[in-house]
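Q: Going down the list, the sequences are from chains A and B.
One rule links them: number in this note's numbering = place in the first sequence (from 1) + 91.
One rule links them: number in this note's numbering = place in the second sequence (from 1) + 1060.
Hints are computed from structural coordinates only; laboratory data are not their basis.
Ideal Cβ placement from N, Cα and C applies to all residues, glycine included.
It is possible that part of the hints are untrue.
What the hints assert, rightly or not - Rough simulated footprint, nothing fancy, chain A against chain B, three-plus residues with beta-carbon under 8 Å:
1) 1230 to 1239
2) 1280 to 1294
3) 1327 to 1336
4) 1350 to 1363
Claimed, not checked - No farther apart than 35 Å at their CA atoms in a straight line, the calculated lysine-lysine pairs in the DSBU-like style are these:
5) A:LYS165 to B:LYS1090
6) B:LYS1092 to A:LYS178
7) A:LYS121 to A:LYS177
8) A:LYS117 to B:LYS1266
9) A:LYS165 to A:LYS94
10) A:LYS94 to B:LYS1092
11) B:LYS1351 to A:LYS121
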Amino acid sequence: MAKTYHLLSACGSGIATSSHVAASLKNGLKERGIDVDVRTCGVIEINGLIANTKPDAIIATTTLETVANLGDIKVISGVPLLTGIKKKQMLDDLADYLENNC
Amino acid sequence: MSVINTILGLGASVIMPIVILILGLVFRMKLKNAIRAGLTVGIGFTGINLAINLVGENLGGLVAAMQETWGLSLTITDVGWPAASSIAFGSGTFVFVSIIVYLLANVICLLFKLTHTLNVDIFNYWHHILIGTMSYFVTGNFIVGIISGTLFMMINTILGERQEQVIVDFAGEDMRGLTFATQGFPAQLLFSRGVDWVIGRIPGVKKISFNLGNLPAGVSFFGEPMILGFLLGGIISFIAGYSWESAIVVAVSLSAAMYLLPRMVSIMMEGLAPLTDAAREFMNTRFPGRKFNIAMDYCLLLGDRDVITMGIITVPIVLGLAIILPGNKFLPFTDLTALPYWMIGAVVGTRRNSFRGLVVAILSLCLALWMATDLAPIMTQMAQNVGFEVAEGTIVSGFCTGWEWTGYVIHKIIEFISNIF
Chain A
92 MAKTYHLLSA CGSGIATSSH VAASLKNGLK ERGIDVDVRT CGVIEINGLI
142 ANTKPDAIIA TTTLETVANL GDIKVISGVP LLTGIKKKQM LDDLADYLEN
192 NC
Chain B
1061 MSVINTILGL GASVIMPIVI LILGLVFRMK LKNAIRAGLT VGIGFTGINL
1111 AINLVGENLG GLVAAMQETW GLSLTITDVG WPAASSIAFG SGTFVFVSII
1161 VYLLANVICL LFKLTHTLNV DIFNYWHHIL IGTMSYFVTG NFIVGIISGT
1211 LFMMINTILG ERQEQVIVDF AGEDMRGLTF ATQGFPAQLL FSRGVDWVIG
1261 RIPGVKKISF NLGNLPAGVS FFGEPMILGF LLGGIISFIA GYSWESAIVV
1311 AVSLSAAMYL LPRMVSIMME GLAPLTDAAR EFMNTRFPGR KFNIAMDYCL
1361 LLGDRDVITM GIITVPIVLG LAIILPGNKF LPFTDLTALP YWMIGAVVGT
1411 RRNSFRGLVV AILSLCLALW MATDLAPIMT QMAQNVGFEV AEGTIVSGFC
1461 TGWEWTGYVI HKIIEFISNI F
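Taking the hints into account, I'd like the entire structure generated from these sequences.
A: Here it is as structure tokens:
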């Protein structure tokens, strides 16, 4: 039974890079047999979203130092998906994490 | 021939999908994916159009009412950067040629080692295309327009990569290998560092140093686009003399516009993402083994606490400046939530000294207000040209146009030269 994981794609504005990252995440994880839904957001909105949607992981392209309630949610950098450098590795690691920890 | 002309006349929501489709195929995307990318961009553009009408109907009325009730000469409606980006992407042939020329220019500069940055940040080409289109309109010359945009794009790339160390010092080694060449950021960073240097030479003043630290917890709530839109919409309606029922309608509509606009751009970005990836891989296979810097959107720097703080406190500052600054006719509204972007240069260049950061911020805001005012007439023309409905007698612009500094200078030089001949 396929499980759908919930991811949060966060960037500074919630518009530009978070959308690019979200698209790359969906496609990249689908290739690895993992189904995800990705919510894009800006740093300012994260506090509320964590409380409401309880994501399995957060993929961020900017620092989350201003977010108070991260707790122990896994945060990974989404920059590899933008630059292409180590993209494959990042997706493999993320797929691995989701299957084993969530 | 006449079929092509008909298509070009149908407006951006038809042209953009075709442009993206062709580009996608050029970069070896699969046909299915290229079609999806093209249509998604077209859908995003259509969505922006819908949301902009929300802004135009409500903000336009507010601006006019403020003029009548208070005699304020803030006559320009701020349609925001999402709208500006779709205006930029709106004129088919010009966009298509621009993108190809920018990529070629990047390749040529890489070959001649004028740059070591791969700039396939296609979404952000809109800034350069915007300025290029202005030069095209003002001179009537297509080629001059293309050259204008290309100069902006390459100067930005080179100026951006030269300041890589400044960014790494500020944000850490994660930013190594990245070039931030978006909008006016390279110029703004340089300006900020310059002001920082000057202040450092003024006896007494150079010792002032404080950091604003954390904003009180509840404040970021007011920075959320939907809240800001609702509150400001309501307050300004009230000041403009609206009845309370009309004020609430305006408040909710503007809240909707501020929330929806970024979502529509998100859709556009979804469409562009595979194209950008394809372009980057295409370029990588043509330059095997070379190590490039990659051009990135500077929103990667937006999470920084000091940047966000500066972005929020400049909201009331810029509104106050807009009213008192002589020569300014621009009322920032839709782009108020984009202020953090434009404060990145101020915070980085002054190395987190909030006093100097504020000085840079206020100077920059004044410059931006003047530039946005100056570019408003031509922006309005361009908006109508791509099919946005602009009410009779209204002038529109985006606050974002006041931040394309390098491009502004290039465009003004071109305008000046063309006026002589």
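Q: For every hint, state whether the structure bears it out.
A: These are the hints, each one checked on the structure:
1. Requiring three or more residues with a Cβ within less than 8 Å of a Cβ of chain A, the coverage given for the stretch 1230 to 1239 of chain B holds, as 4 such residues are present.
2. With 3 residues having a beta carbon nearer than 8 Å to a beta carbon of chain A, the stretch 1280 to 1294 of chain B meets the requirement of three or more and the stated coverage holds.
3. Counting residues of the stretch 1327 to 1336 of chain B whose beta-carbon sits less than 8 Å from any beta-carbon of chain A gives 7, enough to reach three: the coverage restraint holds.
4. Closer than 8 Å: that is the beta-carbon criterion, and the stretch 1350 to 1363 of chain B has 8 residues meeting it against chain A, so the requirement of 3 holds.
5. Distance restraint check for LYS165 (chain A) and LYS1090 (chain B): the Cα-Cα separation of roughly 34 Å lies within the 35 Å cut-off, and the hinted pair is therefore satisfied.
6. With a C-alpha separation of about 23 Å, the suggested pair LYS1092 (chain B) and LYS178 (chain A) falls inside the 35 Å cut-off, and the hint holds.
7. Between LYS121 (chain A) and LYS177 (chain A), the direct Cα distance comes to roughly 18 Å. Compliance with the 35 Å bound is thereby established for this hinted pair.
8. Between the alpha carbons of LYS117 (chain A) and LYS1266 (chain B) the distance comes to roughly 50 Å, so the proposed pair goes past 35 Å and is violated.
9. Restraint check: the Cα-Cα separation between LYS165 (chain A) and LYS94 (chain A) comes to about 18 Å, which is no more than 35 Å; the hinted pair holds.
10. Distance restraint check for LYS94 (chain A) and LYS1092 (chain B): the Cα-Cα separation of roughly 27 Å lies within the 35 Å cut-off, and the hinted pair is therefore satisfied.
11. For the suggested pair LYS1351 (chain B) and LYS121 (chain A), the alpha carbons sit about 30 Å apart, so the restraint of at most 35 Å is met.
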